[in-house]
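A.B. asks: Sequence:
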Amino acid sequence: MRPFHQLDLNLLRVFKVLSEELHTGRAAERLHLAQPSVSRSLARLRDHFDDPLFIKTRDGLTPTSMAARLALIIPESLNQLSHGIDSLEEFDISKKSGRLRIAMNSFLALTLPAKLHLKLQTIAPDIQLEVESWGSSTVSKLIKGELHFAVNYYPLDVPKEILSHPLTVDRFQLLVRNDHPLVGKTTSVGDLAKYPWVTAIVKGWNEQTTLVSRLLADRDVPIQMNYRSEVFSSVVQVTAESDAILPCSALLSENLFPQLSSIEAPESIEPPSEEVRIYAHQRLRHDPYHEYLFTLIKTIIDEL
220 MRPFHQLDLN
230 LLRVFKVLSE
240 ELHTGRAAER
250 LHLAQPSVSR
260 SLARLRDHFD
270 DPLFIKTRDG
280 LTPTSMAARL
290 ALIIPESLNQ
300 LSHGIDSLEE
310 FDISKKSGRL
320 RIAMNSFLAL
330 TLPAKLHLKL
340 QTIAPDIQLE
350 VESWGSSTVS
360 KLIKGELHFA
370 VNYYPLDVPK
380 EILSHPLTVD
390 RFQLLVRNDH
400 PLVGKTTSVG
410 DLAKYPWVTA
420 IVKGWNEQTT
430 LVSRLLADRD
440 VPIQMNYRSE
450 VFSSVVQVTA
460 ESDAILPCSA
470 LLSENLFPQL
480 SSIEAPESIE
490 PPSEEVRIYA
500 HQRLRHDPYH
510 EYLFTLIKTI
520 IDEL
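For my numbering, add 219 to where a residue sits in the sequence shown, where the first one is 1.
Possibly wrong hints are sitting among the right ones.
Claimed, not checked - Straight line, CA to CA, 30 Å or less: simulated BS3-like cross-link-like pairs of lysine-lysine:
#1 LYS379 / LYS363
#2 LYS422 / LYS338
#3 LYS334 / LYS315
#4 LYS315 / LYS360
#5 LYS314 / LYS360
As the list claims (entries may be wrong) - Taking CB as the label site, the calculated pair distances span:
#6 ILE362 / ASP439: 36 to 46 Å
#7 SER301 / PRO255: 53 to 63 Å
#8 SER481 / VAL450: 15 to 25 Å
#9 GLU510 / VAL388: 13 to 23 Å
Source of the hints: derived by calculation from the structure; they are not laboratory data. In this text, a Cβ means the ideal position worked out from N, Cα and C, and glycines have one as well.
Let's have the full structure, built from the sequences with the hints guiding it.
C.D. replies: This is the structure we're talking about:
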C-alpha cells in the first residue's frame, strides 16, 4: 500500500459511493460520471491499496476485507471534512470566548479599542479584549501567534508571511490650542514656519521621518520640531499649553481634545493621507473569526 500523501483524494468519494452501491453502474449514476470513468478510478484505488477492494459477482461487487475496513473509515472521515468546511459559513461570533490580543499604533489606540470592546460586549461578551501598542516585537508576536492581528499605517517593513488588508484612509489635521493666533485664519506656509511643531512618535511608522517633513518636503521652509514623544497625552498637553502645532490623525474625534482646535492647512499644501491596514499572519487568511473581526473593525472605523 502506498503512503497517504500519494492518494488522490477525489478517489475517496468514488470509494465511498462504490462501497454503498456495490455496483459500478449505480455508482456512476450517483457520481454523475460515465461508468468507464468509475472503473478507471477503481483501478487506481486498487493500485494504491494493493488490493482488489471489490470482487465482481453476478449481482455486482463484493468488498474484500480491506475494502470492508476502509468502509468503516473513509465515509465518516469525508462526512467530518464536509461538515467542517460547511460550518465555515455558519460562524457564530456570540459563541466565541477567550482572549483576543491585538496591537495598534498610538493614534488609533485612542478611540478604536474602546469602541471595539464595547461592541464585542454586546455580541460576544465572553471575549476578553487585550490591546497593546504597536512596538518592535509586534511582527514577531504575529508570527508566533501571540497576537491575533495588529492595526497600523501602510506601508510598513514586514515579512511576506504577514498579510495586510486596507481598512480606511486617514487624512491628517493640524491641531493647536483653542486661543492660538492661527485659529479661524487662513494660513500660509510662512505661518506654519513661525510656530514650533510637536508630534507623536508612532512605532513602525514615523520613527525616522516625521509627517511634517513629508508635508513640506518640496518647500524650503525651516520647521522647528521641538518635541516628539511616544506618549500622546504629553504631546497634547504641550500643544494645549504653548503655540505649538500638532499634526494629528483625522480619525480622532475633536471631543477627545476640547482644549484644542483644528486649523486649515495652506491651500498650496495638500494635507497628507495614509492608508490604515490590518496586519495578520497568513495562516489566518481564511479564518472565519478573523474575517468577522476585520469586517467589524472596518465598520467601526467607517463610523468614526
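A.B. asks: All the hints need checking, so say for each whether the structure fits it.
C.D. replies: Structure-based check of all given hints:
| no. | hint | result |
| --- | --- | --- |
| 1 | LYS379 / LYS363 | holds, 14 Å |
| 2 | LYS422 / LYS338 | holds, 27 Å |
| 3 | LYS334 / LYS315 | holds, 18 Å |
| 4 | LYS315 / LYS360 | holds, 22 Å |
| 5 | LYS314 / LYS360 | holds, 25 Å |
| 6 | ILE362 / ASP439: 36 to 46 Å | holds, 43 Å |
| 7 | SER301 / PRO255: 53 to 63 Å | violated, 27 Å |
| 8 | SER481 / VAL450: 15 to 25 Å | holds, 22 Å |
| 9 | GLU510 / VAL388: 13 to 23 Å | holds, 21 Å |
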